[in-house]
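> Spelled out from the first residue to the last, the chains are:
Number of protein chains: 2
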Amino acid sequence: MRQVAPSTVRRLSLYLHFLETNSGEGEVTVSSGALGVAGGATSAQVRKDLSFFGSFGRRGVGYAVRDLAEHLRDILGLGRTFRVVLVGAGRLGAALAHSDRERGFAIVGVYDTDAARIGAELDGLAVRDAARLEADLAASPADIGVVGVPAAEAQGVADRLVRSGVRGLLNFAPLLLAVPPDVAVRNVNLTLELDGLAFALRGRSH
Amino acid sequence: MRQVAPSTVRRLSLYLHFLETNSGEGEVTVSSGALGVAGGATSAQVRKDLSFFGSFGRRGVGYAVRDLAEHLRDILGLGRTFRVVLVGAGRLGAALAHSDRERGFAIVGVYDTDAARIGAELDGLAVRDAARLEADLAASPADIGVVGVPAAEAQGVADRLVRSGVRGLLNFAPLLLAVPPDVAVRNVNLTLELDGLAFALRGRSH
DNA sequence: TATTGTGAAGTGGTTCACAGCT
DNA sequence: AGCTGTGAACCACTTCACAATA
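Quick mapping for you: the protein sequence lines, in order, are chains Y and X.
When you number the first sequence by this note's numbering, it's gap-free, plus one each residue, and the end is 214.
When you number the second sequence by this note's numbering, it's gap-free, plus one each residue, and the end is 214.
It should be emphasised that the hints constitute simulated quantities derived from the structure, not laboratory data.
Heads up, the beta-carbon is just placed ideally off N, CA and C, and yes, glycines get one too.
Heads up, some of the hints might be wrong.
[As the list claims (entries may be wrong)] Residues on chain X that point at chain Y, a partial pick, calculated with CB under 8 Å:
| # | residue |
| --- | --- |
| 1 | G48 |
| 2 | F90 |
| 3 | H106 |
| 4 | V170 |
| 5 | R171 |
| 6 | R194 |
| 7 | L200 |
| 8 | L202 |
| 9 | D203 |
| 10 | L205 |
| 11 | A206 |
| 12 | R212 |
[Said to hold, decoys possible] Derived coverage of chain X by chain Y (criterion: at least 3 residues anywhere in the stretch with Cβ under 8 Å from a Cβ of chain Y; other residues may be distant):
| # | segment |
| --- | --- |
| 13 | 52-60 |
| 14 | 68-76 |
| 15 | 93-103 |
| 16 | 119-126 |
| 17 | 130-144 |
Go ahead and model the full structure; you've got the sequences and the hints to work with.
Next up, the structure:
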């Protein structure tokens, strides 16, 4: 199978979210056009995205909602639970801990280096001393690590997570992490987004 | 001038961040190669990105750090202060309020519909009743609106912000907002990022 | 008639490679 | 010799267009 484009994965996730939030509404089938609206794509794009993994629709009819949702969860690998450790019990980390605990991402540990935070609770999880990270992960590995520490510490934390067997990182620090090629990184960078808006608004006054 | 690619803007922001955090270190010039490492790009890509806006370097030498940073701030439109209103005083909004207040993005208002939150303080800013949004924006416009409310309310909030003159939106809700073509939207979607990691980790166990 | 699945064409961003300065 | 600036080549994602099917 050819390499899947990152943009395709992003859209598949949007299609799935649409199917999941609109499934109770009676409609048994959806067209590629409707999915396109949800995913910010054309109908042709939707069909191409899906055809990459198989033929899930019926010509002249569309896609069966429940069936396609199931296929998308399977394609995205959402059939299992991912174990997530959170390093840096700041606000972004808290936002993550708060959301999405249901959808297959289980937060199994929250760590911080700040003594003031250690021992505190973050959404029902005790914040542990980051010094324990390696020992804890050796005893009970995780799939995904969330880097929620300041920029200066981010690469160090990433290195420790990767050495401890984590193979996916969600990075909130405003810089690019250097990781081995078999480790996946997704960045959430508020500075970047704000700069992007600034650029889009060039020359416009309020 | 041709349309600038979103990926180019993203990298320009990364180059700038690199220059700003490493400017005190004696080096007066940087090469496109060094900038490429910071921005996750090749040296050729860096030069193309910059050449799009002018010739800022010297052949055989490189780019003057201070000078290039200044140019990048100018290109990105960071020379002025952007007035930002935050709707939804949740954790992501709090994360935003906490960071970056220095770099040209001034939070001028925080709103929520939840009576329990109204009147509370978020990083020194009083949370106001979202019902006042239109009146406040009419009296004192904003450039950027942050949509930090649940998915079901997101489009409604976006509509109200756009009607009140906001021309840039930072959307934390896990869906695509429909906005007029002259309004810029950037999405921060944790669900999407986690799904992306799930896909990248397909078939791998811990 | 409605809508999918897909090869072919199109578009646009990235990489190459080298001329041009310092 | 070192490094930028840039046209040309390349590559990958998107759109088109239409045969296939309900």
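> Give a verdict on every hint.
Against the structure, the hints:
1. G48: 5 Å, holds
2. F90: Given a least distance of 6 Å, the restraint on F90 (chain X) holds.
3. H106: 6 Å, holds
4. V170: V170 (chain X) check fails; min Cβ-Cβ to chain Y is 13 Å, beyond 8 Å.
5. R171: Where the cut-off is 8 Å and the nearest Cβ of chain Y is about 14 Å from R171 (chain X), the hint is violated.
6. R194: It holds, given that the least Cβ distance between R194 (chain X) and chain Y is near 4 Å, below 8 Å.
7. L200: 5 Å, holds
8. L202: 5 Å, holds
9. D203: This hint holds: D203 (chain X) lies near chain Y, its Cβ roughly 4 Å from the closest one there, short of 8 Å.
10. L205: The hint holds - L205 (chain X) has a Cβ within 8 Å of chain Y, the shortest such distance being about 4 Å.
11. A206: 5 Å, holds
12. R212: Nearest chain Y Cβ about 6 Å off; hint holds.
13. 52-60: Per the Cβ count (0), the hint is violated.
14. 68-76: violated (count 0)
15. 93-103: holds (count 5)
16. 119-126: violated (count 0)
17. 130-144: violated (count 0)
Of the numbered hints listed earlier, those contradicted by the structure are 4, 5, 13, 14, 16 and 17.
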